[in-house]
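J.: Residue numbers (the numbering used here), protein chains in the order written: chain R, 7 to 264; chain L, 28 to 293; chain A, 519 to 781.
No wet-lab data here; the hints were simulated from the structure.
There could be a bad hint or two in this list.
Calculated cross-link-like contacts (lysine to any residue; reagent style SDA-like; alpha-carbon spacing at most 20 Å) [unchecked claim]:
#1 615(A) to 192(L)
#2 615(A) to 195(L)
#3 527(A) to 738(A)
#4 615(A) to 280(L)
All values reported here derive from a predicted model rather than from experimental measurement.
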Amino acid sequence: MMTSKAARLFLPMIPFAAILALWFIAPSIFPIPAYKLPTPQLVWEQFAATLSDGSLLKHVLASLERLALGFVIGNALAIPLGIAIGLNKHVSDLCMPLLTFLQSIAGIAWIPLAVLWFGIGNGAIVFVIANIIFFANLHNAVIGVEAVPESYRRAVRSLGASSTQTLFNVIVPGAMVQLLIGLRSSVAFGWRALIGAELIAGTTGLGYMTLDAVQWYQTETVILGMIIVGILWLVLDHAVFKTIENRTVIRWGLVRSD
Amino acid sequence: MNAARTRQGQKAIKGAIGIGLFFLAWQIGSSLSGVGSYFFPQPGDVFRAFVELWHKGILEAYLLDSLGRYFAGVGLGLLVGLIAALCLGLNKFIARMFTPLVSFFYAIVESAWLPIFVIWFGYGITTILTLLVYVVAFPILYNTLAGIRAFPPTYINAAKSLGGSRLQIITNVILPGLLPNIITGFRVGAGFAFRGLIIAEAIAATSGIGFLIFDGAANQQTDRTIVGMIVMGVLWLVIELFYLKPFEKATIHRWGLVVSAEGRET
Amino acid sequence: MSDGMPKIKVRDLKVSYVHAATGQRHLALDNMTLDIREGEFLVVVGPSGCGKSTLLSTIAGFISPQSGVLEMNERPIAGPGSDRGVVFQDYALLPWKTVVDNVALGLKFKGVSKTERTKTAKEFLALAGLAEAAEKYPHELSGGMRQRAAVARTLANAPEVILMDEPFAAVDAQTRMTLQEELVRIWGQSKSTVFFVTHSVEEAIFLGDRVVVLQEGPGPVKAELSVDIDRSLRVWPDLNQNGRFQQLREEITALVRKTTVAA
């Protein structure tokens with residue numbers, strides 16, 4: 007019997023290997039033209055070529071830069087507004103129906119207007135991503151604030167805290183778990199939409215790279231783009247966000263609650 | 028009771044004020060900016076475009092096209108997701124083995140598949156449906172596998188001690204126990220599919236609400252784009268409120284379960 | 519109580535399992551020898567980590583022993599079965615079934631018709647004082663009510679032996695005493711064999727015909743005692759004043775403590 011640790015590392019490789027093997031063999035069994043399914047070697051060569059001429063890195067960095075910008079702008083707007091809505095019933099009543107409706111207009115649908123207003127390229131895409139990230143985290147900020155126990159607020163109030171002190175010593179840290187969850191899931195939504203937005207409105211970026219390649223039947227670039235999209239996201243999600251979450255949420259003994 | 032009703036009334040009034048203020052700002056902004064209705068249509072322009080599209084029957088036809096594609100894609104996706112989940116999921120060993128692969132494919136977002144689907148299936152309904160099936164099936168599969176890995180062994184032990192056979196345990200314990208995961212995955216997938224439909228229609232269709240949004244802009248009929256956006260928003264609210272939420276209430280809430288899911292929407 | 523063959527016979531039982539997180543093998547039971555007699559209420563008491571829950575899970579058939587003899591009615595135990603009903607500490611009621619459907623589950627597995635099994639389940643719910651809660655879902659019940667439902671589910675399946683794994687550990691002290699009294703009342707009517715695991719000495723004396731003390735770590739039984747207090751005297755809180763109860767409590771507590779300190 008295999009020890010469970012080795013098994014856990016080894017077993018998941020089997021399906022990956024099987025798919026890779028199938029991909030290798032498929033063209034020699036079925037008459038699939040290379041423009042429909044290029045061989046793994048072709049994709050690998052394309053990877054090496056675009057890596058050495060710097061074009062791949064250029065697209066990856068363009069995508070990540072937009073995601074980062076959209077993330078900062080979206081959350082800089084969403085978190086303060088979310089806290090205000092969570093704290094104040096009147097603000098909540100006034101804003102929530104409108105925001106619910108605006109949220110239901112998927113960010114992707116803003117692309118044409120964004121292109122009109124900001125021109126094709128960076129501005130339009132960042133607008134769309136910021137829009138999506140804003141709505142994705144707004145709700146978490148509201149829930150986070152509403153979930154801070156009233157007793158905490160009363161406790162610091164009776165210790166003589168002002169409302170600003172209450173905000174920064176109780177409300178924000180108390181809502182932190184939900185905020186972090188929101189940050190993470192908002193990036194997921196942003197990333198998802200980013201590739202779509204780049205398909206349509208990009209002049210650089212991974213999404214642009216793949217759809218542009220379709221016109222030239224450069225399917226190896228399309229597949230390379232897909233693999234990089236998958237890997238980049240797993241790295242981003244696991245290496246960056248899960249680590250942040252583990253460092254804070256779990257250290258404080260708080261539980262994820264999504 | 029009375030106080031609650033007053034509170035509800037106040038809420039509705041304030042909500043209406045909020046929406047009214049938004050339209051007012053839109054009206055003032057668009058008329059003061061003076062950039063013209065191409066860059067920034069006024070609410071009136073949008074309303075006229077809506078009436079025109081409605082009278083010509085375009086809106087209805089597009090709406091039906093989009094809905095047809097959406098429900099066909101989501102239905103097929105649900106079926107594919109369930110079958111895949113059953114194949115990979117009824118054994119913890121296999122579930123563990125395939126989880127990383129499923130995570131990897133789940134991480135390749137739907138838009139990244141669109142170009143290769145276009146190469147494989149051309150511009151048209153096959154590409155759109157394949158995309159929707161993909162985007163619905165994977166969250167279902169992913170969440171079901173996660174549910175299997177975390178399935179409480181005491182439920183299965185309890186059923187075994189009560190004399191349940193393997194088949195009885197599957198139908199009475201495992202399947203209902205995974206239903207919340209399946210539903211959560213389905214809800215996530217249904218949301219992704221709606222966004223996926225818009226982008227797929229933008230690229231691979233010549234009708235539908237997504238097409239309207241992008242085609243309007245391409246033909247300098249920005250008012251049509253905004254009609255499309257609003258119709259889309261209303262459509263999603265209707266789908267969410269009348270189809271997805273009641274389904275969730277009837278199961279997850281009723282059983283007092285909470286499911287944590289990856290990529291869960293708001 | 520019969521002096522014939524034991525209902526369940528445990529001889530030199532050795533149980534070990536692989537720890538899921540570390541991947542290391544852990545010895546949980548060794549040289550375990552024990553008889554469970556037909557119709558008796560046997561309570562196993564011991565400090566946490568003494569293997570009492572492992573013993574129960576092994577008898578239930580959830581864990582396979584490494585070596586030794588484990589028999590019921592002179593036949594080896596090969597896996598879980600409806601002849602041994604289990605009441606779990608965390609109730610293990612299925613959240614997606616109503617209380618009455620949970621109680622009727624074992625009968626459903628046996629192929630009993632819907633009307634008949636519902637009727638039987640309702641009888642057992644009434645016995646457990648839960649007639650009103652039949653159509654509710656488990657999450658709508660209090661901890662005490664859930665545990666009553668779990669006991670009713672096990673009883674409705676009419677097992678020969680009932681295995682109870684610290685079933686009252688998660689409820690408050692007041693409810694716990696009520697549940698203990700109810701359990702004895704219900705057991706008095708069914709006369710089945712009970713194997714009950716707890717870490718509470720008072721609970722052990724209140725419930726048991728016999729009390730078995732395990733030592734910390736794998737090893738043979740530390741001590742066996744008969745509870746020679748008439749069942750009519752076993753009523754809370756009067757039992758606390760009973761001299762024999764106090765004596766037994768001191769004796770068993772000393773045994774449990776000594777094993778804890780020694781290890």
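J.: All hints, please: hold or fail.
T.: Each hint, compared with the structure:
no.	hint	result
1	615(A) to 192(L)	holds (18 Å)
2	615(A) to 195(L)	holds (14 Å)
3	527(A) to 738(A)	holds (14 Å)
4	615(A) to 280(L)	holds (13 Å)
Every hint from the earlier list agrees with this structure, and none is contradicted.
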